[in-house]
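Undergrad: Chains as they are written, first to last, in the numbering used here: chain P, 1 to 116; chain X, 1 to 111.
Hints are computed from structural coordinates only; laboratory data are not their basis.
Where hints are given, some of them may not hold.
[Claimed, not checked] For the chain X half of the interface with chain P, some residues (derived, Cβ under 10 angstroms), not all of them:
| no. | residue |
| --- | --- |
| 1 | LYS2 |
| 2 | ARG41 |
| 3 | GLN98 |
[What the hints assert, rightly or not] For each label pair, taking beta carbons as the anchor points, the in silico distance ranges come out as:
| no. | chain 1 | residue 1 | chain 2 | residue 2 | range |
| --- | --- | --- | --- | --- | --- |
| 4 | P | ARG112 | X | PRO10 | 17 to 25 angstroms |
| 5 | P | SER84 | X | ALA67 | 34 to 42 angstroms |
| 6 | X | ASN22 | P | SER69 | 42 to 50 angstroms |
| 7 | P | GLY63 | X | ASN27 | 24 to 32 angstroms |
| 8 | P | ARG30 | X | LYS2 | 24 to 32 angstroms |
| 9 | P | PRO109 | X | SER68 | 44 to 52 angstroms |
| 10 | P | SER83 | X | PRO8 | 23 to 31 angstroms |
From the three backbone atoms N, C-alpha and C, an ideal C-beta is built for every residue, glycine too.
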Amino acid sequence: DAGITQSPRHKVTETGTPVTLRCHQTENHRYMYWYRQDPGHGLRLIHYSYGVKDTDKGEVSDGYSVSRSKTEDFLLTLESATSSQTSVYFCAISVSQFGGTTDTQYFGPGTRLTVL
Amino acid sequence: RKEVEQDPGPFNVPEGATVAFNCTYSNSASQSFFWYRQDCRKEPKLLMSVYSSGNEDGRFTAQLNRASQYISLLIRDSKLSDSATYLCVVTSTGSARQLTFGSGTQLTVLP
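Just chain P, same shape as in the assembly:
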């Protein structure tokens, strides 16, 4: 258990509505990530953070923004949700192993988002 929680766990919303997903970690890890998972595409990185107020884009960042005002919280916002953003969203943290030469990621339980 990597001490990661996500909220909400399920959400149904309508097109054009803003949505914010929250990821919370209890172990002070520096790196946090947001992914989406869709059939046939696997997990794709949306945004990641390497510290408070330090974020960067991933492979599929269009239509998403993030914020990290505290080490423990990483928020993902869909400013105006679209049906193409219906997906399962996973948050992850990165843990250094083997003296920092390898980083392993651990995932939260996921949020199932449906945009109607």
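Add chain X to chain P, keeping to what the hints say.
TA: Chain X alone, transformed into the frame defined by chain P:
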């Protein structure tokens, strides 16, 4: 071409069988390699890291061939509880802290 390619399966095998999954990756600069397991409607969980010399964890054996950019996972004496999707994962281009995931190989172990 996808950065990480896996046979999606599904692989349906009887209990006790040996099954092997393969994965190829395109980024020759990748340094770290992993297999993750994902149960239906759950989050991915780390199964094992993959080392150049090959490594074993109980019934699971992982192999890496850097020259061919190929990773494998062998499961011996399959159990019903091994039924899951297995994700091949490598470090992404340009960053050791970003991972690229394959789409996964689905395994069902039948009684």
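Undergrad: Do the beta carbons of P/ARG112 and X/PRO10 sit within 17 to 25 angstroms of each other?
TA: holds (23 angstroms)
Undergrad: Tell me if the interface restraint on X/GLN98 is satisfied: Cβ within less than 10 angstroms of some Cβ in chain P.
TA: Constraint on X/GLN98 satisfied, holds at 6 angstroms.
Undergrad: Is it true that P/SER83 and X/PRO8 lie within 23 to 31 angstroms of each other by Cβ?
TA: holds (25 angstroms)
Undergrad: Given a hint of 42 to 50 angstroms, does the C-beta separation of X/ASN22 and P/SER69 actually sit inside it?
TA: holds (43 angstroms)
Undergrad: Is it true that the C-beta distance of P/ARG30 to X/LYS2 lies inside 24 to 32 angstroms, as the hint says?
TA: holds (29 angstroms)
Undergrad: Does the Cβ distance between P/SER84 and X/ALA67 fall inside 34 to 42 angstroms?
TA: Once the Cβ atoms are compared, 40 angstroms apart, the range 34 to 42 angstroms for X/ALA67 and P/SER84 holds.
Undergrad: Against chain P, with CB atoms and a cut of 10 angstroms, does the hint on X/ARG41 hold up?
TA: holds (8 angstroms)
Undergrad: I want to verify a distance hint. Is the separation of the beta carbons of P/PRO109 and X/SER68 within 44 to 52 angstroms?
TA: Since the Cβ atoms of P/PRO109 and X/SER68 sit about 36 angstroms apart, the hinted range of 44 to 52 angstroms is violated.
Undergrad: Would the hint on X/LYS2 stand, with a C-beta cut-off of 10 angstroms toward chain P?
TA: With a closest approach of 9 angstroms, the X/LYS2 hint holds.
Undergrad: The hint says 24 to 32 angstroms between P/GLY63 and X/ASN27; measuring C-beta to C-beta, is that right?
TA: holds (26 angstroms)
This entry does not satisfy hint 9, going by the numbered hints stated previously; all others are met.
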